[in-house]
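Residue numbers (my numbering), protein chains in the order written: chain A, 1 to 114; chain B, 1 to 111.
No lab work stands behind these hints: they were computed from the structure. A virtual CB, placed ideally from N, CA and C, is assigned to each residue, including glycine. Check each hint, because a few of them may be wrong.
[As the list claims (entries may be wrong)] Chain B regions said to be covered by chain A (calculated; three or more residues, Cβ under 8 Å):
1. 51-61
2. 66-77
[Stated by the list, open to error] Once the Cα atoms are required to be at most 30 Å apart in a straight line, the calculated DSS-like pairs of lysine-lysine come out as:
3. 36/B - 78/A
4. 51/B - 11/A
5. 51/B - 36/B
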Amino acid sequence: GAGVSQTPSNKVTEKGKYVELRCDPISGHTALYWYRQSLGQGPEFLIYFQGTGAADDSGLPNDRFFAVRPEGSVSTLKIQRTERGDSAVYLCASSSTMNTGELFFGEGSRLTVL
Amino acid sequence: GQQVMQIPQYQHVQEGEDFTTYCNSSTTLSNIQWYKQRPGGHPVFLIQLVKSGEVKKQKRLTFQFGEAKKNSSLHITATQTTDVGTYFCAGPMASGSRLTFGEGTQLTVNP
C-alpha cells in the first residue's frame with residue numbers, strides 16, 4: 001500500500017480480555033517497529049522487527065505483550081489479559097533501512113481498556 | 001538508562017514569533033531525527049542529522065546537531081498557525097536498532 005496501515009483504528013475492550021492489533025507496513029520495508037503513546041507523551045518503543053525476526057523486543061513491558069511478523073510483512077501485536085494501564089495509542093512504523101532511518105508511521109490503533 | 005530529553009514541554013507563541021525546542025541525549029548519538037505530530041495525528045518525519053555540528057534548513061525551520069552529537073535544536077522563524085503540533089526528537093540507543101523519542105515540545109500558535 002501507499003502508507004502504513006493499522007487496524008483497528010479504535011478498540012474498546014474489557015479488562016482481562018485478549019486483543020490483537022494489526023500493522024501492514026509499506027511494501028518492501030524490511031524494518032517494522034511498534035511504539036506505544038500515551039496522552040502527552042512521546043512514543044515509547046516496544047519492539048523492532050528486521051524481516052521475520054524480532055531484532056529487539058526489550059521494550060515489551062511484560063509477558064502479556066507479544067508480537068509476530070511471520071512472513072516479514074504484516075505484523076500483529078498481541079496483548080493478553082488486558083489491564084486499564086494498557087490503554088494508549090499503539091503506533092506501527094516501517095522503514096526501508098536497517099539502522100534507524102526515517103520511520104513512516106501509521107495512524108495508530110487507539111486501545112481503551114475499561 | 002539512556003534518555004532523550006526535550007525542553008520546553010509546552011510553548012505558546014503569537015503568530016509571527018520565533019520558536020525553539022531543544023533536545024539533549026545522555027549519550028552520544030550516531031544521528032538524530034525530528035518528527036512533527038499534529039493534534040490527533042501520527043508522527044511525521046521532518047529530517048535526520050548525522051554529522052557533528054550539522055545545520056540543515058527547511059524553509060522557516062532550522063535544525064542543528066551539536067558538536068558533541070549529544071544535543072540538537074529546532075528553530076522555527078516567524079511561526080504560522082500551520083506549525084501547530086508536537087515536535088519530537090529521536091535518537092538511536094544501545095544497539096542502534098531502536099529509536100528513542102523525547103517527550104516532545106507542544107507548540108501552540110495564537111493567530
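Structure-based check of all given hints:
Coverage of the segment 51-61 of chain B by chain A is violated [criterion: at least 3 residues with CB-CB distance below 8 Å; count 0]. A stretch counts as covered by a chain when three or more of its residues have a beta carbon under 8 Å from one of that chain; for the segment 66-77 of chain B and chain A the count is 0, and the coverage is violated. The straight-line distance between the Cα atoms of residue 36/B and residue 78/A is roughly 28 Å, inside the 30 Å bound, and the hint therefore holds. Between the alpha carbons of residue 51/B and residue 11/A the distance comes to roughly 42 Å, so the proposed pair goes past 30 Å and is violated.
Under the criterion of a C-alpha separation no larger than 30 Å, the hint pairing residue 51/B with residue 36/B is consistent with the structure, at around 21 Å.
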